[in-house]
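Participant: These are the residues of each chain, in order.
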Amino acid sequence: MDRTFAEKYIKDLVEKAIEYGFEDAEACFMSNSSMEINILKGEVSSYENSTMQGVGFRGKKNGQMGGSFTSDLNDDAMDFMLKNAMENCEVLDDEDEEFIYCDPDNSHLESIQLSGSYDKNTYDKFSQIGLKLEKDILALSDDIKAVDYLSISCGTGPSTSVNSKGLYTYKDSDMITILAEARAEKDGVVKTGSYYWFGRDIDDFDEEKFLKTLKKRVLNKLGASSVKSGEYKIIFSNEAFVSLFDTFIGNFSSYSMQKGLSLLADKEGEVIASDLFTIREEPMYEKALIKFPFDSEGVLTKSKALIDKGVFVKAFYNLKTAHKAGTESTGNGFKGAFSAPVGISATNLIVEPGQKDFDELCDWVGEGIYITDLNGLHAGVNKISGDFSLFCEGYLIKDGKITRPVEQITVADNFYEVLKKIIATGSDIISVPEGKGEYFCPSVVISKMNISGDVNEGET
Amino acid sequence: MLSDITISRIIEAAMGTTADFAEVFEEEKKASNVGLLNKRTIRAASGIHYGVGIRLMSGTNVVYVYTSDKSEEALIKLAKEAASAIKGGKAADIKQVEALSKSSPSILEIDPLTVSKKDNISFLKEASEYAMSYNELITQVAASYVTSNRVIHVVNSEGINKEESQTRIRLSIETVATKGTEKQTGRVAPGTMRGYEFVNEYPVIEKTRECCDTAIRMVNAGYAPSGKMPVIIGNGFGGVIFHEACGHALESTAVGIKSSCFTDKLGKQIASSIVSARDNARIEGEWGSYMTDDTGRESSDLLLIENGICRNYLVDDLGARRMGCEPTGCGRRQDFTYAPTSRMSNTYIDNGKDDPKDIIADTEYGLYCTKMGGGSVDTATGEFNFAAEEAFMIRNGKIAEPVRGATLIGKGQEILMNIDRVGNDLELAAGMCGSISGGVPVTVGQPTIRVSSILVGGREA
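Sequence lines, in order, name chains A and B. Just so we're aligned, residue 5 is where the first sequence starts under this note's numbering, counting upward by one. Just so we're aligned, residue 10 is where the second sequence starts under this note's numbering, counting upward by one.
Chain A on its own, in the form it takes in the complex (with noise of 0.2 Å):
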């Protein structure tokens, strides 16, 4: 569907949802298309090639905010949304108000990130890079005995929205990103690893440099055995930390402090974490694959500290908990599909890194584990007490190096306590992907953690 048509169609749908007795409404069309292929022993096994678009309207009658979506686009499909939405507004009866926006001054918004390199992401290439990985994987060490996933896929996902205050927002971007995951057999012992690359030019990809990375990942976890359950100091690798804190991401966010469902309500301005650490969100961040100039209500977005040595500053807020709180949008209202309403994420995230590189860090620990990998997020964590017990691989150290790998363990604690137990931060920020946007985050210390493992007394 042509950029015309959908600005028509949605443009339409305001003027008709005001006739049909809204007092306010906004419609947004989203599309996403995608081409993904996938290696395996030798073939191209599968490929994929997509368009999924549709459309989601909400109006706002009574002061309840009724939606509705379609990804029909037929005839029926203005009155089907404008009769649901309406009845939906009849049934509503939130106390909170949500609104629908136009800042005079900022109602034409437009963010276009568009490669100039998105022609070459053709079959041809992408089965060309995708078999060589494969071989070039399988070729690191005879212990690797196979490559499980391999896949290459690239994106572009236009979206436009209307409302009856005035506002057009146009956004559209793109991405690559290359997954393979390749495992290992050694002594009866099997082992997996993967690791990821995501750009915009795919001749950007260094298949050396991800080699290296993948093979660490994978043989360094030959030989790997538990650990005596006791209290380590602990080394989280940057996408250990990142993806342990984003798990909790969402008790920074205003609609759970407003809800009762998070125990950060109330502690803005408040010391929640140790003064070693710092984070920011910075929407336009200039290392970021993708800038966030604006959130889906159309509010310009800022870059702003989250916690600034270890004070809560302030929380992420949407147009809806803004008002309810007294205080202004943080712009990160965003909807995450057509069919969504508007919620609250985080964009882009920055850790403030330390002095120390990551050997410095294993040095300056002595003894201690090093997490590179935590399992099972989605289950064993309570995410409003912060209470977590998670399944985690990585390696041990000794004085102050990396000596062997550890597996079947699992680490203990309470995120609001590991905020306060951070004791320094590495100089080793990378960044991983995670959310609507990106996480710029160094190795973290934290001084102490009860690890669970299944070695007695007397072993090592």
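Don't take every hint at face value.
Unchecked claim - Subject to a maximum C-alpha distance of 27 Å in a straight line, what follows is the list of computed DSS-like cross-link-like pairs (lysine-lysine):
hint: 1; chain 1: B; residue 1: 420; chain 2: A; residue 2: 220
hint: 2; chain 1: B; residue 1: 267; chain 2: A; residue 2: 45
hint: 3; chain 1: B; residue 1: 38; chain 2: A; residue 2: 339
hint: 4; chain 1: A; residue 1: 190; chain 2: B; residue 2: 274
hint: 5; chain 1: B; residue 1: 420; chain 2: A; residue 2: 219
hint: 6; chain 1: A; residue 1: 20; chain 2: B; residue 2: 38
hint: 7; chain 1: B; residue 1: 237; chain 2: A; residue 2: 87
hint: 8; chain 1: B; residue 1: 127; chain 2: A; residue 2: 20
hint: 9; chain 1: A; residue 1: 232; chain 2: B; residue 2: 420
hint: 10; chain 1: B; residue 1: 134; chain 2: A; residue 2: 387
hint: 11; chain 1: A; residue 1: 20; chain 2: B; residue 2: 39
hint: 12; chain 1: B; residue 1: 237; chain 2: A; residue 2: 237
hint: 13; chain 1: A; residue 1: 87; chain 2: B; residue 2: 134
hint: 14; chain 1: A; residue 1: 87; chain 2: B; residue 2: 39
hint: 15; chain 1: B; residue 1: 86; chain 2: A; residue 2: 129
hint: 16; chain 1: A; residue 1: 425; chain 2: A; residue 2: 232
hint: 17; chain 1: A; residue 1: 136; chain 2: B; residue 2: 267
hint: 18; chain 1: A; residue 1: 65; chain 2: B; residue 2: 39
hint: 19; chain 1: B; residue 1: 134; chain 2: A; residue 2: 149
hint: 20; chain 1: B; residue 1: 188; chain 2: A; residue 2: 452
hint: 21; chain 1: B; residue 1: 127; chain 2: A; residue 2: 87
hint: 22; chain 1: B; residue 1: 127; chain 2: A; residue 2: 65
hint: 23; chain 1: B; residue 1: 79; chain 2: A; residue 2: 149
hint: 24; chain 1: A; residue 1: 190; chain 2: B; residue 2: 104
hint: 25; chain 1: A; residue 1: 45; chain 2: B; residue 2: 274
hint: 26; chain 1: A; residue 1: 12; chain 2: B; residue 2: 79
hint: 27; chain 1: B; residue 1: 277; chain 2: A; residue 2: 402
hint: 28; chain 1: A; residue 1: 424; chain 2: B; residue 2: 188
hint: 29; chain 1: A; residue 1: 45; chain 2: A; residue 2: 149
hint: 30; chain 1: A; residue 1: 65; chain 2: B; residue 2: 48
hint: 31; chain 1: A; residue 1: 87; chain 2: A; residue 2: 169
hint: 32; chain 1: B; residue 1: 267; chain 2: A; residue 2: 220
To be verified - Counterexamples of contact, computed for chain B against chain A with all Cβ distances above 12 Å:
hint: 33; residue: 17
hint: 34; residue: 175
hint: 35; residue: 249
hint: 36; residue: 291
hint: 37; residue: 292
hint: 38; residue: 329
hint: 39; residue: 334
hint: 40; residue: 363
Hints in this document: simulated from the structure, not taken from any laboratory. No residue lacks a Cβ here, since even glycine has one placed at the ideal position from N, Cα and C.
Once you have looked at the hints, place chain B on chain A.
Facilitator: Then chain B, alone, in the frame of chain A:
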């Protein structure tokens, strides 16, 4: 829906000169949901998802394309693009399309999509009001109702022409108990393919009370101990352990490429001899059921493990090509945006002989997980982890104090061999399963079982 002529044209275009199989998957899903938080209706939405997926195969080479644009012109263009990407040999003949046959696993007395949102809300308000006045420790209650009707139409070059209609309802009641800075939740989330009569018959007050009691017990509980110990896992959602640690590893997605820890185990012992397990997609009205899978094949009641011996894998049509066997009718996908893969339906460990009371009485010391949360597994290594939502210590054969924050970890193949007691109180429970073909409704289930030794990750030494 698309006309027969349009579908035939798409299949013809898709087969091109190299594909040996082409399939058109058309889907329309009408959905409606309402959500309450602390007695207020804060969410109400309705909508239609529609789209078409075209899948081609040549040997084990697969091409999948999809769109929500249903114009014949767009679909034929997409089919031709797919045909140009398939690698392989010669095109097979296109067989005459069979007469359309329709099926449904739903048993509907009252079609839920005809019930007004006001009625849905009055049911949820009853739960919310009861919970909020039950005990001062209960500070929040979230309740939601989601219903949908999904109609799929599958036509392929082998002549299959099937339509299946699936109507589902899912309820969720979640209560939060607060004590100081501590918050714990209790939750029930039943799912069904029965009609709205299920909601009318649901013992809402009793179930809400259970949620509240769980939340209150857990907020008052101390932390679980850590270390290896015997673990009794309660019936119903406790079956998630089998689903995650064993079910996924029996899918042809993993077995077909020999990446599973259960590869080449047919006829061999993979579980304790007191364990038998099934995947039965054909239970009418059950949340995870379907009569026709998302590739147009008839579903099955599959014996996975018989007295500890591996009897069958879950094989979809691509898996069948890889493994040289027949598909078992388990090709599923979240919606048209995913190519189908082998998936579970209603998967459970079958009843054993023990009275659950005896299992507890015969356990001197251990952990009793009465309510399990979710978990995940690496099918290659078999390593899994699960969280217990509600658990108690067992001391001297008796249920002792409640404990929170317990996680069970281990390797699926070892846990299966270590099941030493199986109860006679089989129960099924609804869940959602996420995998490479998206999120699909499944039920998990088991009677009460005991595993002689599992590593428990808790916070107390």
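Participant: All hints are to be evaluated individually against the structure, with a verdict given for each.
Facilitator: Hints, one by one, checked against the model:
no., hint, result
1, B:420 with A:220, "holds (23 Å)"
2, B:267 with A:45, "holds (11 Å)"
3, B:38 with A:339, "holds (21 Å)"
4, A:190 with B:274, "holds (20 Å)"
5, B:420 with A:219, "holds (24 Å)"
6, A:20 with B:38, "holds (25 Å)"
7, B:237 with A:87, "violated (58 Å)"
8, B:127 with A:20, "holds (26 Å)"
9, A:232 with B:420, "holds (19 Å)"
10, B:134 with A:387, "holds (25 Å)"
11, A:20 with B:39, "holds (23 Å)"
12, B:237 with A:237, "holds (23 Å)"
13, A:87 with B:134, "holds (24 Å)"
14, A:87 with B:39, "holds (14 Å)"
15, B:86 with A:129, "holds (22 Å)"
16, A:425 with A:232, "holds (22 Å)"
17, A:136 with B:267, "holds (22 Å)"
18, A:65 with B:39, "holds (24 Å)"
19, B:134 with A:149, "violated (56 Å)"
20, B:188 with A:452, "holds (26 Å)"
21, B:127 with A:87, "holds (15 Å)"
22, B:127 with A:65, "holds (17 Å)"
23, B:79 with A:149, "violated (43 Å)"
24, A:190 with B:104, "violated (48 Å)"
25, A:45 with B:274, "holds (22 Å)"
26, A:12 with B:79, "holds (19 Å)"
27, B:277 with A:402, "violated (43 Å)"
28, A:424 with B:188, "holds (21 Å)"
29, A:45 with A:149, "holds (11 Å)"
30, A:65 with B:48, "holds (21 Å)"
31, A:87 with A:169, "holds (21 Å)"
32, B:267 with A:220, "holds (23 Å)"
33, 17, "holds (22 Å)"
34, 175, "holds (18 Å)"
35, 249, "violated (9 Å)"
36, 291, "holds (29 Å)"
37, 292, "holds (26 Å)"
38, 329, "holds (15 Å)"
39, 334, "holds (18 Å)"
40, 363, "holds (27 Å)"
In terms of the numbered hints stated before, the structure departs from hints 7, 19, 23, 24, 27 and 35, listed from lowest to highest.
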